[in-house]
Amino acid sequence: MANIMIRRGDNGALSFYLPKKDLEDDIVSLEFETPQRWGGELVLKDGSRWHFEPLEGEPRLPITVRARRLGGEDD
Amino acid sequence: MATLTREETEALIQEVLEVYPEKAKKDRAKHLAVNDHEANAKKCVTSNRKSLPGVMTIRGCAYAGSKGVVWGPIKDMIHISHGPVGCGQYSRAGRRNYYVGVTGINAFGEMNFTSDFQERDIVFGGDKKLAKLIGEIEKLFPLNNGITIQSECPIGLIGDDIEAVSKKATAEFGKTVVPVRCEGFRGVSQSLGHHIANDAVRDWVIGNRDNKPFEQTAYDVAIIGDYNIGGDAWSSRILLEEMGLRVVAQWSGDGTLAEMENTPKVKLNLLHCYRSMNYISRHMEEKYGIPWVEYNFFGPTKVAESLRKIASFFDDSIKAKTEEVIAKYQPMMQAVIDKYKPRLQGKRVMLYVGGLRPRHVIGAYEDLGMEVVGTGYEFGHNDDYERTVKEMGNATLLYDDVTGFEFEEFVKKVKPDLIGSGIKEKYIFQKMGIPFRQMHSWDYSGPYHGYDGFAIFARDMDMTLNNPCWSTLTPPWKKPQAPALAAAA
Ligand code: SF4
Chain L
1 MANIMIRRGD NGALSFYLPK KDLEDDIVSL EFETPQRWGG ELVLKDGSRW HFEPLEGEPR
61 LPITVRARRL GGEDD
Chain X
76 MATLTREETE ALIQEVLEVY PEKAKKDRAK HLAVNDHEAN AKKCVTSNRK SLPGVMTIRG
136 CAYAGSKGVV WGPIKDMIHI SHGPVGCGQY SRAGRRNYYV GVTGINAFGE MNFTSDFQER
196 DIVFGGDKKL AKLIGEIEKL FPLNNGITIQ SECPIGLIGD DIEAVSKKAT AEFGKTVVPV
256 RCEGFRGVSQ SLGHHIANDA VRDWVIGNRD NKPFEQTAYD VAIIGDYNIG GDAWSSRILL
316 EEMGLRVVAQ WSGDGTLAEM ENTPKVKLNL LHCYRSMNYI SRHMEEKYGI PWVEYNFFGP
376 TKVAESLRKI ASFFDDSIKA KTEEVIAKYQ PMMQAVIDKY KPRLQGKRVM LYVGGLRPRH
436 VIGAYEDLGM EVVGTGYEFG HNDDYERTVK EMGNATLLYD DVTGFEFEEF VKKVKPDLIG
496 SGIKEKYIFQ KMGIPFRQMH SWDYSGPYHG YDGFAIFARD MDMTLNNPCW STLTPPWKKP
556 QAPALAAAA
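Protein chains in written order, with this note's numbering: chain L, 1 to 75; chain X, 76 to 564.
Isolated chain X (complex conformation) (with noise of 0.2 Å):
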């Protein structure tokens, strides 16, 4: 289907809003925009709004933000649930974080450790019991390094003083314990959490080897921002080492407390998740003097601009060495171009996911002669819209917190061949017929960043978008008279 004219975007807009009440269709109106290069992103899509009760938002919490998102992947911390069962059971190692460790004995990833609060808990509070808590885990699991209490929406409710009972346990085990003020009910989602997370490892956690020692070199960076879901800390690491660097540390998939602890010693901190780790970037860099930049290793257009862009904060040694990193995979990219582009090209993607991904793959859709006509973040803040409008197609969709209403109808009319969001998407869309991907961790697969991660993106979009199963979706009694065999080809 040819692309949609400005006119008939704007047009498409106005047709899914009809359906609201007068209010609630004055509020999404302003979520909802017509991509355009000239205009500024403030005036153009409103965002990190409360979402309205009863539309079906896709968002998560604080809780998850701190817990699911930043804390979490910090392997050899022991990251306690505080509150009900549920919070983290529900959510437990859904992520797919890699570690390197032995899960139980030094690293505690998939695991979940909750104070499974009852209603004598709530009643008299749970302070106690989460002091006994940390005893066992001290005991339990003597190779942990520290501890965080990610607090659930009770604690906050109840007024537990989990801070005092951490301050205690520091003293006793002699171990860092983070209380982490998340509950859930703070923010509009989880990007508060972030926030919160953020805030406690520049209280509690990034000060705290200041004084003390340790080796430098001049190209000391760190990963800032990358989860490792599927593996992806790792496709990056490996191309900054190759180009003459040191990794110091990985925030956070498989990061661990004394990386974290180590990063105000690095020369450059690499920020992938904007959305997520700008704020301790930006107090490294108020409070160290430690620069910091963005960088996108989706797809080797980027990632090769990436590289350069990097390399640009250092000496001439490593800017070579960037260019033989880049002329040696660059074969290697044009193996997966030549074999995936026929394929895939002319192919339309829409989008809708969290953090940095609704902007930053849209490169490597595009290496592979793909276009993304659609996209829209869960949570996103206007800076984030900022840097999304010029990676974005003229007169494309752009949707914020979109509904499930929305989403559906824009997919009915846009309809595009590929449609890449969460796992509460994924089954509507495809019964509908439309081929889909799972792009908060990769549906199972990965790494996608990098150049390793690009010839495995590519492989999984030609797997989907061309499986012959979208060709026997419509039984045959509901065939139009000629036999669709054909299709196959």
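With the rest of the complex left out, here is chain L (with noise of 0.2 Å):
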């Protein structure tokens, strides 16, 4: 489980950002993105997959989140 900042890039798309880690990259999908719910599954631009509680309703953002890294866990 790691701290995970959301945010509204300067291109208009979700940006996923991990502290200390300094990864930074854009969200191409996010599982749940209505009024009423918000989170799940996220999968970033390189691939990788993460996973955070849904939300009720939509957050203002940038919101830090608990997000867990799902699959793969190379380095």
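Since the hints were derived computationally from the structure, they do not count as laboratory data.
Please read all numbers here as calculations on a predicted model, not as lab measurements.
There may be inaccurate statements among the hints.
Label pairs and their in silico Cβ distance ranges [claimed, not checked]:
1. X:380 / L:35: 30 to 38 Å
2. X:388 / L:56: 28 to 36 Å
3. L:47 / X:544: 49 to 57 Å
4. L:71 / X:388: 34 to 42 Å
5. X:260 / L:13: 33 to 41 Å
6. X:391 / L:56: 51 to 59 Å
In the DSS-like style, the derived pairs of lysine-lysine whose C-alpha atoms are separated by at most 27 Å in a straight line are [stated by the list, open to error]:
7. X:100 / X:125
8. X:488 / X:506
9. L:45 / X:384
10. L:20 / X:394
11. X:394 / X:340
12. X:125 / X:105
13. X:465 / X:125
14. X:487 / X:501
15. X:203 / X:214
16. X:105 / L:21
17. X:125 / L:21
18. L:20 / X:125
19. X:98 / L:21
20. X:287 / X:340
21. L:21 / X:487
22. X:362 / L:21
23. L:20 / X:362
24. L:20 / X:105
25. X:487 / X:553
26. X:506 / X:490
27. X:101 / X:490
28. X:340 / X:250
29. L:20 / X:101
30. X:490 / X:554
31. X:414 / X:403
32. X:340 / X:362
33. X:101 / L:21
34. X:105 / L:45
35. X:465 / L:21
36. L:45 / X:465
37. X:384 / X:396
Where is the CB? At the ideal position from N, CA and C, for every residue including glycine.
Join the two chains, each given in its own frame, into one complex according to the hints.
Right under this line is the structure:
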């Protein structure tokens, strides 16, 4: 589990940021993105997948959430 | 010399790696790459890793990142280098962060305050000494507005409780006293020191005036990540003011504690050095909803681009004024380019610096018709390289935390006309006969930011590159028959 920050990037896309590792990448898909439910599984441009508990309703961005990395754990 | 092709550059990297033992070779290979616009940065260069023992690295420590970079320039606070005397004394006033104020009275930038640890402080702990030192500071320099405690290595090792000392001192003197846990051994470079310093600002400073009144305007901005080296922040600030914005704070060159405390009231944070201050910008965005925008004030092309980008956050009156500012400086910049471009056109540059410069200055060189053929960061991270890949030409060299050996070999093969790096590299390359600029503190020159800065930048590059001394490096008896008088022309 890691604290990650999601914000709206300059290009309008959602952007994912993992502090300390300084991983910053666009989010290409987010499982739930409706006014009622927001979150779940997300996929980054580099292909890695993360998951966080969906929130009730769209939050004010940026927001820090606890997320877990899914799948291949390389380095 | 003609530009290297992709294959040649790849071959060059292989050749340089050849001398390393197997394990080091494998590690270093990840840090060197040929720029490729298609590839993603994470795949191409590995960064922010521990330097290998035995290779010459140019990195600093976390203390350097906090005391030297982020906190040091806050002029009205006294920054105690807590620990042995050397860390602070040998780095004192080296960064040329200019400021206005009377040193020793109401500004303390160039001074060195240290607790000068001795053996008994290591054995018995230094908290008492620190408390005494803070008391002395209060007596001797009553106009200071706050104190920071910048931990050097031993503090973390002996487990002193500087937080408790700070709290007590705050209560006693009614001033902000900030403990910073930036012991040099933390992290792999000065970069973690930036982060720790940002976190200390977040925890001890940023919310101090949250409910206090402040006269706001719709055009308040803060300059974040400009250390006013040689006056950089000043030559940036005048442009922002000319376009109608009000600069509330300078972080941290020529900055004050009050400016930092007032920053949460601004409308937009302008971020120059992303590497050292993105953390606090992200924090303010989340906590106060203040957007931040990265900009680049090196060279007229990038300045104009950045001014427009900043103006896009504001109303039409600002946008109109921005166009006026750009139009006003355009002829001056054209004059600079007309004068220097013919002398610099086509020259090739290699860079190896820290922070924002490996990518930010590329535009300024291009404005002068020069080309950056290799660049690298001392302590960059993934996100830095991602931003760099777009700025650099295809098939150019990228090197992370380059070693002395690699850098020299690259230079021998690539044969750049100019190198921009630090003081430790300067004399090696000058002795190799290659013009060199110290690009950390502008080689005792500057400012280089903004329009005024570009004029100085162009002059400096010309002065270095076309200096007559380069043609006299070979002694007469080693010269080929024909006397090289023509070279002086
Ligand atoms: S590594 Fe430790 S001892 Fe060395 S300069 Fe940094 S803080 Fe001082």
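Looking at the structure, which of the earlier hints fail to hold?
6, 10 and 21
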